[in-house]
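Colleague: Here is how the chains run, residue by residue.
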Amino acid sequence: NAGVTQTPKFRILKIGQSMTLQCAQDMNHNYMYWYRQDPGMGLKLIYYSVGAGITDKGEVPNGYNVSRSTTEDFPLRLELAAPSQTSVYFCASDDTGYQPQHFGDGTRLSIL
Amino acid sequence: RKEVEQDPGPFNVPEGATVAFNCTYSNSASQSFFWYRQDCRKEPKLLMSVYSSGNEDGRFTAQLNRASQYISLLIRDSKLSDSATYLCVVKSYGGNLIFGKGTKLSVKP
Numbered sequence: 649n650a651g652v653t654q655t656p657k658f659r660i661l662k663i664g665q666s667m668t669l670q671c672a673q674d675m676n677h678n679y680m681y682w683y684r685q686d687p688g689m690g691l692k693l694i695y696y697s698v699g700a701g702i703t704d705k706g707e708v709p710n711g712y713n714v715s716r717s718t719t720e721d722f723p724l725r726l727e728l729a730a731p732s733q734t735s736v737y738f739c740a741s742d743d744t745g746y747q748p749q750h751f752g753d754g755t756r757l758s759i760l
Numbered sequence: 010r011k012e013v014e015q016d017p018g019p020f021n022v023p024e025g026a027t028v029a030f031n032c033t034y035s036n037s038a039s040q041s042f043f044w045y046r047q048d049c050r051k052e053p054k055l056l057m058s059v060y061s062s063g064n065e066d067g068r069f070t071a072q073l074n075r076a077s078q079y080i081s082l083l084i085r086d087s088k089l090s091d092s093a094t095y096l097c098v099v100k101s102y103g104g105n106l107i108f109g110k111g112t113k114l115s116v117k118p
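In order, the protein sequences belong to chains A and B. Here this note's numbering = 1-based position in the first sequence + 648. Here this note's numbering = 1-based position in the second sequence + 9.
Treat the hints with care, as some may be off.
[To be verified] Capping the alpha-carbon separation at 30 Å, the derived lysine-lysine pairs in DSS-like fashion look like this:
hint, chain 1, residue 1, chain 2, residue 2
1, A, Lys-705, B, Lys-51
2, B, Lys-51, B, Lys-110
3, A, Lys-705, B, Lys-117
Keep in mind the hints are simulated off the structure, nothing from the lab.
All chains should be modelled from the sequences, with the hints used to inform the complete structure.
Modeller: The following block contains the structure:
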């Protein structure tokens, strides 16, 4: 069982560059989430989706965009990378929105 | 008051010890409660859900006090492999998960 798969696992970007963090799940879950976790801090919700074609902002959406064209995929886009976006990014999914979430391994992103 | 507060620790305990973690939450409308475990530089993994009547899973016992808006996790007979950060997580009806910063546990031989 693959579960939630995130790519890449590590990335270094220069300020102003853009990139897309990929997230895919094979559990047919409707709900998908993107979080960021800064050192010593709790996870903060960036964006979430309740199904294909539906996305909404979380607590810290500025500087990010998402899309959900299929149930399986939920990519996160950084348009103009800033040092403040250096963090570990986790994608998660669950079936109903009320169940515990399954997390991917994370993407460690450094912006220099 | 922060939405979910935990003692950051670290808690340094010997093998075999009993250790308890506490968590308070500010939103009285919170409906679901969880403890997640996060190993260093790894993703969070569900340890257990927390039910109003309290629940146990092996060496782990979780308690919920809605009146005091307080959640606890008790670990008995600590193992070296229990060393991790324990995240308290709450969810309100129709809301999203709110994570505490976590409590770090280090179990020593």
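Colleague: Compare the structure with each hint and give your call.
Modeller: Results of checking the hints against the structure:
1. Restraint check for Lys-705 of chain A and Lys-51 of chain B: satisfied, since their Cα atoms lie roughly 25 Å apart, inside the 30 Å limit.
2. Only pairs whose Cα atoms come within 30 Å are accepted, and Lys-51 of chain B paired with Lys-110 of chain B is accepted, the gap being roughly 15 Å.
3. For the hint pairing Lys-705 of chain A with Lys-117 of chain B, the CA-to-CA distance comes to about 42 Å; that exceeds 30 Å, so the pair is violated.
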